[in-house]
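Peer 1: Sequence:
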Amino acid sequence: MEEQLKVALIQCPLHWENPQANRALFSEKIAAIEESVDLVVLPEMFTTGFTMKPENIALEEDSKTLQWLQETTQQHNIAIAGSVVFCEDENFYNRLFFVHPDGQYNTYDKRHTFTLAGEHEVYTAGTEKVVVDYKGFKICPLICYDLRFPVWARNIEDYDVLLYVANWPKPRVNAWDALLKARAIENMVYVIGVNRIGQDASGYEYVGHSAVYDVLGEQLAFSCKDAVLHASLSKAHIISVRDKLKFLEDRDNFTLQ
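Taking the numbering used here, the leading residue of the sequence shown gets 1, the next gets one more, and so forth.
Any given hint could turn out to be false.
In silico lysine-lysine, PhoX-like type, Cα no more than 20 angstroms apart, as pairs [what the hints assert, rightly or not]:
| hint | residue 1 | residue 2 |
| --- | --- | --- |
| 1 | Lys64 | Lys29 |
| 2 | Lys181 | Lys170 |
| 3 | Lys135 | Lys64 |
| 4 | Lys138 | Lys6 |
| 5 | Lys235 | Lys138 |
| 6 | Lys138 | Lys181 |
| 7 | Lys135 | Lys6 |
| 8 | Lys181 | Lys246 |
| 9 | Lys235 | Lys246 |
| 10 | Lys53 | Lys64 |
| 11 | Lys6 | Lys170 |
| 12 | Lys6 | Lys29 |
| 13 | Lys235 | Lys170 |
| 14 | Lys225 | Lys29 |
| 15 | Lys246 | Lys138 |
| 16 | Lys235 | Lys181 |
Derived from the structure by calculation, the hints contain no laboratory data.
Can you build the whole structure from these sequences, using the hints too?
Peer 2: Written as structure tokens, this is what we have:
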């Protein structure tokens, strides 16, 4: 049987700095999904919005959200990916959790903190690129501002899927659209990009544009509304395109510092 990965992207407004309300929101939206799904992707900082005041979030919310993720994945037999404010060793991180159906999880800390908003002054930047193995697919999760840095995303691990979660504001959404498609084409991978909608307490407006692109940069899903988007990723598509168009074999070698 051909390997398929069925993904659902949840694009919606977020409750500002209110993890309990956001967990309840996503519990409802996940429970309402009727289609068969392997992976659900949530936006960046899905429990709080893009806050630069992580001290406003009670420290116990970290464990509560992780427990919620584990319980939800096991209840629905799915994986969930999304980033949250997370405190470890007295440092705050913009940390993505990829939680498997059995409750096991991988983490990725955002490498490129958004200096324009002062994120670098509040959150500790990550240093490790992560590739997750799930249902026969190798998935590389990244976060928002990472999208602007193609060297960090460069497909030297032969991964299959590049996944971005974001709070990407309306004024620069054209860059979001263009860069998601470019990352798919240049890395010969599926690209999943999940953004939020609505307005946050800082006054920034978000218009979504969550999307899925295939290995050739063809758009498989897109929305600018409060919606759950669906797409099915095919391992055979990846293999057939890469066998025919061997562009990755000509990629440059480099050392990232």
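Peer 1: All hints, please: hold or fail.
Peer 2: Status of each hint after checking the structure:
1. Lys64 to Lys29: 19 angstroms, holds
2. Lys181 to Lys170: Distance of about 18 angstroms is within 20 angstroms: holds.
3. Lys135 to Lys64: Violated, because 27 angstroms separates the two Cα atoms, which is more than 20 angstroms.
4. Lys138 to Lys6: Within the cut-off at roughly 14 angstroms; holds.
5. Lys235 to Lys138: 10 angstroms, holds
6. Lys138 to Lys181: Roughly 19 angstroms between the alpha carbons, so the hint for Lys138 and Lys181 holds.
7. Lys135 to Lys6: At roughly 10 angstroms apart (the allowed maximum being 20 angstroms), Lys6 and Lys135 satisfy the hint.
8. Lys181 to Lys246: Cα-Cα ~19 angstroms, so holds.
9. Lys235 to Lys246: 16 angstroms, holds
10. Lys53 to Lys64: Holds, at about 19 angstroms.
11. Lys6 to Lys170: Judged against 20 angstroms, a Cα distance of about 28 angstroms means the pair is violated.
12. Lys6 to Lys29: 17 angstroms, holds
13. Lys235 to Lys170: 33 angstroms, violated
14. Lys225 to Lys29: 14 angstroms, holds
15. Lys246 to Lys138: Holds, at roughly 19 angstroms.
16. Lys235 to Lys181: Holds, at roughly 19 angstroms.
Of the numbered hints stated above, those contradicted by the structure are hints 3, 11 and 13, listed in ascending order.
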